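Chemist: Per the UniProt record's numbering, residue 1 is the first one in the sequence shown, and the count goes up by one each step.
Rather than coming from a laboratory, the hints here were simulated on the basis of the structure.
The model shown is predicted, which means the values in this text are computed figures rather than measured ones.
Each residue gets a CB set at the ideal place from its N, CA and C atoms; glycine is no exception.
Be careful, since some hints might not be right.
Unchecked claim - Here are the simulated distance ranges between beta carbons:
#	residue 1	residue 2	range
1	E77	P225	36 to 46 Å
2	G102	A215	38 to 48 Å
3	S176	L58	19 to 29 Å
4	P278	D131	39 to 49 Å
5	R180	G102	19 to 29 Å
6	R103	M1	36 to 46 Å
7	G255	P69	12 to 22 Å
8	P278	D87	38 to 48 Å
9	T265	G217	36 to 46 Å
10	D152	E257	37 to 47 Å
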Amino acid sequence: MSDVLLTGLKIGESARWHDGRLWLCNWGTQQVLAVDLDGGTEVVATVPTTIPFSIDWLPDGRLLVVAGPEGRLLHQEPDGSLVDHADLTCLGAGLNEIVVDGRGNTYVNGGTDFHPDAGVAPGFVALVTPDGAVRRVADGIAFPNGMAVTPDDSTLIVSESFAGTLTAFDIEPDGSLSNRRVWAPVPGDGIVLDAEGAVWTPGWTDAGPACLRVAEGGEVLATVPLDRAGFACTLGGDDGRTLFVLAADWHMQEGFEENIERLLTGPETGQVLTARAPAAHAGRP
Numbered sequence: 001m002s003d004v005l006l007t008g009l010k011i012g013e014s015a016r017w018h019d020g021r022l023w024l025c026n027w028g029t030q031q032v033l034a035v036d037l038d039g040g041t042e043v044v045a046t047v048p049t050t051i052p053f054s055i056d057w058l059p060d061g062r063l064l065v066v067a068g069p070e071g072r073l074l075h076q077e078p079d080g081s082l083v084d085h086a087d088l089t090c091l092g093a094g095l096n097e098i099v100v101d102g103r104g105n106t107y108v109n110g111g112t113d114f115h116p117d118a119g120v121a122p123g124f125v126a127l128v129t130p131d132g133a134v135r136r137v138a139d140g141i142a143f144p145n146g147m148a149v150t151p152d153d154s155t156l157i158v159s160e161s162f163a164g165t166l167t168a169f170d171i172e173p174d175g176s177l178s179n180r181r182v183w184a185p186v187p188g189d190g191i192v193l194d195a196e197g198a199v200w201t202p203g204w205t206d207a208g209p210a211c212l213r214v215a216e217g218g219e220v221l222a223t224v225p226l227d228r229a230g231f232a233c234t235l236g237g238d239d240g241r242t243l244f245v246l247a248a249d250w251h252m253q254e255g256f257e258e259n260i261e262r263l264l265t266g267p268e269t270g271q272v273l274t275a276r277a278p279a280a281h282a283g284r285p
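Build the full structure now, drawing on both the sequences and the hints.
Modeler: This is the structure in C-alpha cells:
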C-alpha cells in the first residue's frame, strides 16, 4: 500500500533524494521542486525548457539540469541562475536523463525522438568528464530513460523503455561503457537501486500500474500497486527506506503524444506517493 504525499503536479519526473528532501522535475511548469516529508514544496529552479528535463548533482554540490529539447547541460550558480556547464552540441537535441557517478563523470542519454514501431533504436548514452570533454559511450538504445550507477561505480543500468529491458554496462576506469547485457527483461522508467542490489522501477502488472522491486535476472521481489501510471521512483527518508513514486494518469488507449499533451494541458493528476521499502537506498542517483 502507498500513501499520497503531494498532489497537483503536471508530470513529476527525475525523482531524487538529496539533502533531506525529495527533489523532482515538474514537467509542464518548468520547475524543479524540493519536497519535505510533510509535503511542503519549494521551487529551487525554473528551467528554460519544455520537456523532458532531468537533474542530478556534481560532487561539489552544484545542481545539474539537462534541458532535453535544447540539448543543453546546465548547472546552478550560487545566485540560483542556470548557466551552461558543458557544450553538448555534438549530441544534438532530444536529451533525456542524467546520472553522475562517484568519480564526477556525468552520463546523459538521448535520442528519444522516434516511434516505438519504427524498427530503429537511435538512442545513446554520452559521457561528460569532469574536465568538460563529451563523447558517446553507447549507441543503439531503444528510448533511453532512467539510469542508475551501482555503489562501487562499476555498473551503469539504463532503462530501455521501448525494448522493455533494464540494460547494464560495465564502467571502465576512463568512464567508457563495455559488456552490454540485459540486467533484467523488465520495462523501466525512472529507476533507483537499493542496498540489496535490487532495482525499483515503475511498471505494470496484470492488475494495472505498479512500482516493482526487481532482482538482477528479472525476478519481481515486491510490488506496490498504483492507481495511475508511475514515471519515476527513488528511495530516501531518514533511513533511506521510504519509497517515493511519481505517478500521473496515463491512458493506454491513447498514443504517446496524445497522453503527453493531455498531461501538460489537462487536469493536474500528478502525485507523489510513498511506501515503506525492505532495503535502503544505494548507488546513484
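Chemist: State for each hint whether it applies.
Modeler: So, going through the hints one by one against the coordinates:
Hint check: E77 to P225, Cβ distance near 42 Å, so the stated range 36 to 46 Å holds. Between G102 and A215 the beta carbon distance is about 23 Å. The supplied range of 38 to 48 Å is therefore violated. Separation of S176 from L58 is about 20 Å and conforms to the stated range, judged on CB atoms against 19 to 29 Å. About 40 Å separates the C-beta atoms of P278 and D131, a value consistent with the hinted range of 39 to 49 Å.
Hint check: R180 to G102, Cβ distance near 21 Å, so the stated range 19 to 29 Å holds. Between R103 and M1 the beta carbon distance is about 39 Å. The supplied range of 36 to 46 Å therefore holds. Taking 12 to 22 Å as the suggested C-beta distance range, the pair G255 and P69 conforms, at roughly 19 Å. In this structure, P278 and D87 meet the distance hint of 38 to 48 Å, their C-beta atoms being roughly 43 Å apart.
One distance hint, 36 to 46 Å for the beta-carbon pair T265 and G217, holds here, with the actual separation near 41 Å. In this structure the hint that D152 and E257 lie 37 to 47 Å apart at CB holds, the actual value being about 40 Å.
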